[in-house]
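*Asks:* Join these two chains into a complex; the hints should help.
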Amino acid sequence: MQNNILTMTEEKFQIRIDKEEKIEPKDWMPEGYRKHLIRQISQHAHSEIIGMQPEGNWISRAPSLRAKMILLAKVQDEAGHGLYLYSACETLGISRQELVSQLHSGKAKYSSIFNYPTLSWADMGAIGWLVDGAAIVNQVSLQRTSFGPYSRGMVKICKEESFHQRQGYEIMAQMAKGTSEQKAMAQDALNRFWWPSIMMFGPNDSDSPRTGNAMKWKIKRKTNDELRQEFIDKTVNQAEIIGLTIPDKDLKWNEQRQHYDFGEMDWDEFWNVVNGNGPCNKQRLNHHKKAHDDGQWVREAAKSYAQKQELIAN
Amino acid sequence: MSENRTVWEVFIQSKNGLAHKHVGNVHAEDKIMALENARELYTRRNEGSCIWVVKSKDIISSESEDGEAFFDPSNDKMYRHPTFYTMPEGSKHI
Ligand SMILES: [Fe+2]
Ligand SMILES: [Fe+2]
Numbered sequence: 153m154q155n156n157i158l159t160m161t162e163e164k165f166q167i168r169i170d171k172e173e174k175i176e177p178k179d180w181m182p183e184g185y186r187k188h189l190i191r192q193i194s195q196h197a198h199s200e201i202i203g204m205q206p207e208g209n210w211i212s213r214a215p216s217l218r219a220k221m222i223l224l225a226k227v228q229d230e231a232g233h234g235l236y237l238y239s240a241c242e243t244l245g246i247s248r249q250e251l252v253s254q255l256h257s258g259k260a261k262y263s264s265i266f267n268y269p270t271l272s273w274a275d276m277g278a279i280g281w282l283v284d285g286a287a288i289v290n291q292v293s294l295q296r297t298s299f300g301p302y303s304r305g306m307v308k309i310c311k312e313e314s315f316h317q318r319q320g321y322e323i324m325a326q327m328a329k330g331t332s333e334q335k336a337m338a339q340d341a342l343n344r345f346w347w348p349s350i351m352m353f354g355p356n357d358s359d360s361p362r363t364g365n366a367m368k369w370k371i372k373r374k375t376n377d378e379l380r381q382e383f384i385d386k387t388v389n390q391a392e393i394i395g396l397t398i399p400d401k402d403l404k405w406n407e408q409r410q411h412y413d414f415g416e417m418d419w420d421e422f423w424n425v426v427n428g429n430g431p432c433n434k435q436r437l438n439h440h441k442k443a444h445d446d447g448q449w450v451r452e453a454a455k456s457y458a459q460k461q462e463l464i465a466n
Numbered sequence: 002m003s004e005n006r007t008v009w010e011v012f013i014q015s016k017n018g019l020a021h022k023h024v025g026n027v028h029a030e031d032k033i034m035a036l037e038n039a040r041e042l043y044t045r046r047n048e049g050s051c052i053w054v055v056k057s058k059d060i061i062s063s064e065s066e067d068g069e070a071f072f073d074p075s076n077d078k079m080y081r082h083p084t085f086y087t088m089p090e091g092s093k094h095i
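Sequence lines, in order, name chains A and B. Position 97 of the first sequence, counted from 1, bears residue number 249 in the working numbering, the numbering being contiguous throughout. Position 50 of the second sequence, counted from 1, bears residue number 51 in the working numbering, the numbering being contiguous throughout.
Bound-form chain B, shown alone (with noise of 0.2 Å):
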């Protein structure tokens, strides 16, 4: 029998209201071990209000060296940022 357990990845919730963050992962069998194992390891000072576990072979990411190439879209979009507009002079609260 293999001893390779599934390793899940771990985002916690550190108060309602705020976003999960990454913090982790786990070996576990099934989800449910994996979010007490996850309780365990990573919310032992009351660092949580909810965890997400996830298998780690679904998480899809971007490759960092080919980073430039894959965010270059956004690179010359300088009208996204509010700094790019010319406000009147003598305008407020805008």
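Okay, chain A solo, but in the shape it has when bound (with noise of 0.2 Å):
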């Protein structure tokens, strides 16, 4: 056994990884691989539980009952999309305790779009519609993902997204057919998610250096500019239909590629939010420190609780 442990060389791991195998978490595996998986796993799994947040700050002023039960069963699954994902990471040998400590640090980030601040209702529309929209379209590609733990966390995680995205679309159909108030609301919301939307899948593939072993590994199966030309070519025709426009003069259809052109992204806006300067992360991450810090005394209630219970049991 010892032996086989030793013996299984980088070439043997880049087999498995070329056969489609999944790689469990005793398995052995470069330490490039494990660190790379941390890094996205956690960053996925914050993202998950900040972007809570931005939908959170609706649930109390959403337009009718109905909206607002779509809206909380909406939030409360991103919660459990955190924990499923928070516990893929876990089998990896890094304790959540010690992840959620490097998010309160900086040490590890949560994707951009969470830290831009929701100002009406349509932006609910706008973030079902446009962010889950293109989560989906990351999250259905790793559903292949060479990590078994993470592959599966994808799998139940995008059988619970369908419905997010939908409802997300549904919000903007209807206010994009409502009152000219309404509709410029919706317009104003699509104006503000759409680049940060597209700016999610990550720099581009020429400027993202861990992007080459990510691929050889196949922690990711599809680089970040095929995913986000997925995601806009689906999108343009759900604009059209709705009646908005999406905000971007150099979009059009490219007969011969078969996609869309569009413009260029603001990498200094990108980049300048990713480096704490956003409109929201302050307020983000101290919501999230405030939030675990006022919970202290229930973790400790429920531990000194369970003690309690197995002094009486035994």
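Errors might be hidden in some of the hints.
Here are some, though not all, of the chain A residues that point toward chain B, as calculated from beta-carbon distances under 8 Å [claimed, not checked]:
1. K178
2. G232
3. Y236
4. S247
5. A454
6. K455
Bear in mind the hints are in silico, worked out from the structure with no lab data behind them. Even for Gly, the Cβ is constructed at its ideal location relative to N, Cα and C.
*Replies:* Okay, structure coming up:
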């Protein structure tokens, strides 16, 4: 057994990857593979958790009981997604506590999209339609990721996501055919969320140094640019159907490529937000820290209660 | 006080008559909390009729890298499979 483990070299690992075998937590893996996974999965988990805040902001102000119940269920799903992903990440030998402290210290990141404020009810539409829409394109491809626990988490998450995008698109469609004011709100939400949404896929492949290994190890199955193109190609028609305009004057069908061409993204803005200077970075992190600190007494009480129960039982 | 809670593996029986299937894990201090957390996390869409939770540390796993050696004993026993046997020409329902 010991010999087996020692002779399991990086090459053998790559052969397993190339054969589309799934890697399980106890299998030998290169240190770089483990590190890349911890970074990617934890960032994904933190995004689900922090992502509850911009939408949670509107639960108490939802325009109807139906809308409130839907939004509540959607936000609860996102909490679940965060937990599935923390579980997958923990199998790589890092504790939940460490993951949370990396979020708080800024060592671990989360998706920059959640550092934008949600100013109107239409933003709930734009987020479901575009932000969940973009996340789905990414997550569908990650169902085939080489790390077993991550892959299984993605399968579960994708099943739950489908209603998220539909409820968002329904809100946008309703507002777009409402009063002129409502339509303007929907268009405004699309204007604000479009560019940050397509930047969710990350830098262009040419500026994304880690993509090489991630593709070789089949952690990622499609590059940032491939995923972004897929999302844009899907979404343009959806905007047309509800009579809204995507805020990109360079957006145009390219007959030869059979894809939409689109305009230049503002990467200065992207990096500015990644590096902590977006409109809500501080607010999002402070809220998370406060919720965590405020829950301290609950965690302590639960532990004491469990210990007491054990004493009684023995 | 340590912040690390016990990890419990969760198994769900999707409906009466079927086997319980592993779906993931939860953190919880005790078994009741583990069951309740599992219900909230894994059965929000009627996925289950029964849940088992088991402390992760109580699960013993074989290692996938010695899978070959570990499962070797069954490799050469083809007579455990029905296709091993030759049935007389024309025999049916067997
Ligand atoms: Fe999600
Ligand atoms: Fe979602």
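*Asks:* Take the hints in turn and mark each one as holding or not.
*Replies:* Now for the hints, and whether the structure bears them out:
Interface hint status for A/K178: upheld, as the beta-carbon distance to the closest one in chain B is roughly 6 Å, under 8 Å. Hint status for A/G232 relative to chain B: holds, with the closest Cβ pair at about 5 Å, below 8 Å. With 8 Å as the threshold, the beta carbon of A/Y236 comes within range of chain B, its nearest partner Cβ sitting at about 6 Å, so the hint holds. Because the closest C-beta pair between A/S247 and chain B is about 6 Å apart, less than 8 Å, the hint holds.
A distance limit of 8 Å between C-beta atoms decides the matter here; for A/A454 the minimum to chain B is near 4 Å, and the interface restraint holds. Among the interface hints, the one on A/K455 holds; its C-beta lies about 5 Å from the nearest C-beta in chain B, closer than the 8 Å criterion.
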